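Engineer: Listed here are the chains, written in short residue letters.
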Amino acid sequence: MSLATVAVIRLPVWRARFVLTLLVAAFLMLIARSVYLQAMRTEFLQEKGEARYARVLEVPATRGRILDRKGEALAVSTPVKSIWAMPDAVSPEPAARAALARVLGMAPADLERRIAGGEGRDFVYLKRQVPPEEAERVAALGVPGVFQHKEFRRYYPGGEIAAHLVGFTGVDDVGQEGLELAYQDSLGGKPGSRRVIKDRLGRVVEDIGSVRAGQDGRDLILAIDAKIQSIAYGALKSAVERHRARAGAVVVIDVLSGEVLALANAPSFNPNNRERLSAGQMRNRVLTDTFEPGSTMKPFTVALALENGKVRADSRVDTGNGRLTIANFTIQDTHPAASMTVTEVLQKSSNVGAARLALGLPAEAMWDLYRRVGLGEAPELGFPGAAAGRVRHYRSWRPIEQATMSYGHGISVSLMQLARAYTVFARDGELVPLTLTRASGRVHGEKVFSAETARAVRAMLEAAVQTGATGPRARAPGWRVAGKTGTAHKVIDGRYAADRYLSSFVGFAPVSAPRLVIATMIDEPTAGGYYGGLVAAPVFSQVMQGALRLLGVPLDAPPVPIELPGENDDMREST
Amino acid sequence: MAKLSLVLLAVLVLAALATVRAQHQARKFFTAYERAQTLGHELDVEYGRLQLEASTWALHARIERIAAESLGMRAPDARHVRSIVLPAGARQ
Numbered sequence: 000m001s002l003a004t005v006a007v008i009r010l011p012v013w014r015a016r017f018v019l020t021l022l023v024a025a026f027l028m029l030i031a032r033s034v035y036l037q038a039m040r041t042e043f044l045q046e047k048g049e050a051r052y053a054r055v056l057e058v059p060a061t062r063g064r065i066l067d068r069k070g071e072a073l074a075v076s077t078p079v080k081s082i083w084a085m086p087d088a089v090s091p092e093p094a095a096r097a098a099l100a101r102v103l104g105m106a107p108a109d110l111e112r113r114i115a116g117g118e119g120r121d122f123v124y125l126k127r128q129v130p131p132e133e134a135e136r137v138a139a140l141g142v143p144g145v146f147q148h149k150e151f152r153r154y155y156p157g158g159e160i161a162a163h164l165v166g167f168t169g170v171d172d173v174g175q176e177g178l179e180l181a182y183q184d185s186l187g188g189k190p191g192s193r194r195v196i197k198d199r200l201g202r203v204v205e206d207i208g209s210v211r212a213g214q215d216g217r218d219l220i221l222a223i224d225a226k227i228q229s230i231a232y233g234a235l236k237s238a239v240e241r242h243r244a245r246a247g248a249v250v251v252i253d254v255l256s257g258e259v260l261a262l263a264n265a266p267s268f269n270p271n272n273r274e275r276l277s278a279g280q281m282r283n284r285v286l287t288d289t290f291e292p293g294s295t296m297k298p299f300t301v302a303l304a305l306e307n308g309k310v311r312a313d314s315r316v317d318t319g320n321g322r323l324t325i326a327n328f329t330i331q332d333t334h335p336a337a338s339m340t341v342t343e344v345l346q347k348s349s350n351v352g353a354a355r356l357a358l359g360l361p362a363e364a365m366w367d368l369y370r371r372v373g374l375g376e377a378p379e380l381g382f383p384g385a386a387a388g389r390v391r392h393y394r395s396w397r398p399i400e401q402a403t404m405s406y407g408h409g410i411s412v413s414l415m416q417l418a419r420a421y422t423v424f425a426r427d428g429e430l431v432p433l434t435l436t437r438a439s440g441r442v443h444g445e446k447v448f449s450a451e452t453a454r455a456v457r458a459m460l461e462a463a464v465q466t467g468a469t470g471p472r473a474r475a476p477g478w479r480v481a482g483k484t485g486t487a488h489k490v491i492d493g494r495y496a497a498d499r500y501l502s503s504f505v506g507f508a509p510v511s512a513p514r515l516v517i518a519t520m521i522d523e524p525t526a527g528g529y530y531g532g533l534v535a536a537p538v539f540s541q542v543m544q545g546a547l548r549l550l551g552v553p554l555d556a557p558p559v560p561i562e563l564p565g566e567n568d569d570m571r572e573s574t
Numbered sequence: 000m001a002k003l004s005l006v007l008l009a010v011l012v013l014a015a016l017a018t019v020r021a022q023h024q025a026r027k028f029f030t031a032y033e034r035a036q037t038l039g040h041e042l043d044v045e046y047g048r049l050q051l052e053a054s055t056w057a058l059h060a061r062i063e064r065i066a067a068e069s070l071g072m073r074a075p076d077a078r079h080v081r082s083i084v085l086p087a088g089a090r091q
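These protein sequence lines map, in sequence, to chains Y and C.
Counting in numbering that gives the first Met the number 0, the first sequence runs from 0 upward without gaps.
Counting in numbering that gives the first Met the number 0, the second sequence runs from 0 upward without gaps.
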């Protein structure tokens with residue numbers, strides 16, 4: 000190519016312009032698009048982007064533990080696995096299914112039925128709440144279509160001992176009975192969820208923020224002392240067996256703090272394995288059942304008579320040779336006498352004496368007393384189904400009813416109410432508010448009687464457990480004990496059954512500075528006697544000794560063994 | 000002017016790299032934190048299980064049975080109990 004051949008080629012101007020316009024248009028389009036994406040669609044796109052790497056994680060709340068006053072575990076949740084399957088995806092191979100059934104401890108036919116039962120659905124439980132080791136063996140099988148997820152299971156290390164108080168949770172770890180139900184909100188906590196960024200390997204690399212703040216359940220610390228509870232349950236259970244009774248209950252109250260240190264029922268159940276549970280086993284007879292208390296109500300009649308200045312401890316009461324007839328109804332005594340001192344009325348558990356004292360009192364005052372010691376209204380314990388009992392209004396009382404009420408007929412109370420009512424004698428006239436959760440220090444009580452009246456009744460109740468009275472078997476060597484027996488005929492279909500009894504004993508110790516009130520009740524003892532002094536008093540004695548020893552309460556009596564009398568005539572009583 | 004731009008460019012690049020590094024580290028730390036938390040939770044669960052086990056072994060009835068059966072122990076009878084009053088100020 001030579002220079003000569005170089006010619007200037009002039010291109011038309013429009014071509015340059017055309018290209019330029021195209022380029023500008025392309026840029027404008029790009030700018031418009033990016034403005035559209037960046038400014039107008041930004042939220043939608045960011046959302047889409049986040050969805051590729053951000054995940055919402057559920058944060059399950061662990062259920063709080065239930066502990067006794069010393070931190071001993073009564074109920075603890077631990078994670079277990081539940082095995083589930085997608086029925087359509089489960090490997091049809093018979094060998095794999097047989098292996099799965101073997102590891103799950105199920106009959107192959109059962110497994111087949113379960114899988115078949117979920118046909119058409121995406122989800123069917125094969126077995127819930129299996130221990131981690133078993134779950135690992137299932138995972139090791141690697142059967143397609145079988146998966147597992149984490150759940151919590153509640154364990155009750157104490158088993159049957161405190162089953163009625165603690166209650167239990169259902170399969171979803173939600174409280175169903177007892178305190179598990181009552182404190183569901185604080186025990187259960189709130190499950191939360193949070194949004195996180197996960198990397199390619201599934202590790203969480205960033206927390207974007209929590210969607211819902213979760214909260215683990217709080218631990219519940221009870222007033223119960225596991226050791227006293229165990230002693231109480233043991234003593235009760237053996238008494239119920241020995242006397243072939245239908246049921247029994249016992250409650251231990253700390254007089255100073257109002258704490259319930261033990262609450263036991265027999266028959267009981269194992270909350271860890273609740274197959275074949277009968278309603279009778281699950282009843283909490285301390286709180287949810289009421290009964291006619293019988294003679295254990297007499298001290299209140301006596302206290303009211305003392306408080307009103309009608310009598311003194313050594314005043315004589317006309318007991319009319321053990322018979323008192325009011326409007327065609329005759330009240331009878333098992334230890335008839337022409338007259339007795341007020342102390343003897345309690346010692347011999349005289350119905351006539353108590354009725355005489357009651358008839359000298361205004362009905363309104365008696366009714367008012369019953370209400371003030373907490374009868375006829377449910378105790379404020381936060382326990383589901385706590386019974387109120389029944390105390391009819393005094394305007395509807397006839398004289399005979401007022402007389403029989405003085406020895407605990409015609410009113411109904413729960414064992415817890417009865418035990419609480421006795422705190423007025425143990426605490427110089429103050430009624431103590433009760434609590435099922437741990438408290439500390441001396442609680443303030445409501446004044447019902449003067450201190451003098453309370454002390455006088457205390458002395459009489461101590462006399463009621465001496466030899467010759469109805470309750471000598473309640474005594475505990477080393478401590479001075481006071482209390483009252485009760486042997487009530489049960490009310491069946493509105494009538495008093497002649498041969499079915501409810502034996503009870505309520506008392507406290509040590510008398511010099513009362514620390515514990517214990518109430519115990521044995522329902523329908525059919526062997527080895529039925530008097531409260533024979534059936535219920537020994538339970539009281541055993542539990543009282545064990546509890547006072549565990550609490551380190553100073554002795555206030557010479558620590559000599561006490562000859563406990565066998566069944567004798569003195570123990571007889573008819574209410 | 001051009002010099003200043005170059006310097007600023009260098010600063011910008013450095014800052015960008017530092018940001019990337021910080022982000023990466025934050026994620027690493029977060030993973031570690033996350034792992035520690037999981038471990039903490041697992042230990043909690045383990046603690047619960049151990050507590051359960053301890054409660055089962057320490058059941059009052061079981062201890063009493065072992066004390067009575069294999070060690071031949073029994074609760075002292077009232078004759079063998081002495082009550083001691085501690086002098087004021089003494090700790091229990």
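Be aware that one or more of the hints could be misleading.
What the simulated footprint calls covered on chain Y by chain C, stretch by stretch (three residues with Cβ under 8 Å from a Cβ of chain C suffice, anywhere in the stretch; the number is not a length) [stated by the list, open to error]: (1) 10–24; (2) 281–291; (3) 313–325; (4) 440–448; (5) 555–567.
Computed cross-link-like contacts, EDC-like style, restricted to lysine to aspartate or glutamate with a CA-CA straight-line distance of at most 20 Å [said to hold, decoys possible]: (6) Y/Lys126 <-> Y/Glu274; (7) Y/Lys309 <-> Y/Asp206; (8) Y/Lys69 <-> C/Glu68; (9) Y/Lys149 <-> C/Glu45; (10) C/Lys27 <-> Y/Asp206.
No lab work stands behind these hints, which were simulated from the structure alone.
If you're wondering where the values come from, they're calculated on a predicted model, not measured in any experiment.
All residues carry an ideal CB built from backbone N, CA and C; glycine is no exception.
Engineer: Look at each hint and say if it fits the structure.
Structural biologist: Going down the list of hints, with the structure as the test:
no.	hint	verdict
1	10–24	violated (count 0)
2	281–291	violated (count 0)
3	313–325	violated (count 0)
4	440–448	violated (count 0)
5	555–567	holds (count 4)
6	Y/Lys126 <-> Y/Glu274	holds, 16 Å
7	Y/Lys309 <-> Y/Asp206	violated, 78 Å
8	Y/Lys69 <-> C/Glu68	violated, 27 Å
9	Y/Lys149 <-> C/Glu45	holds, 15 Å
10	C/Lys27 <-> Y/Asp206	holds, 12 Å
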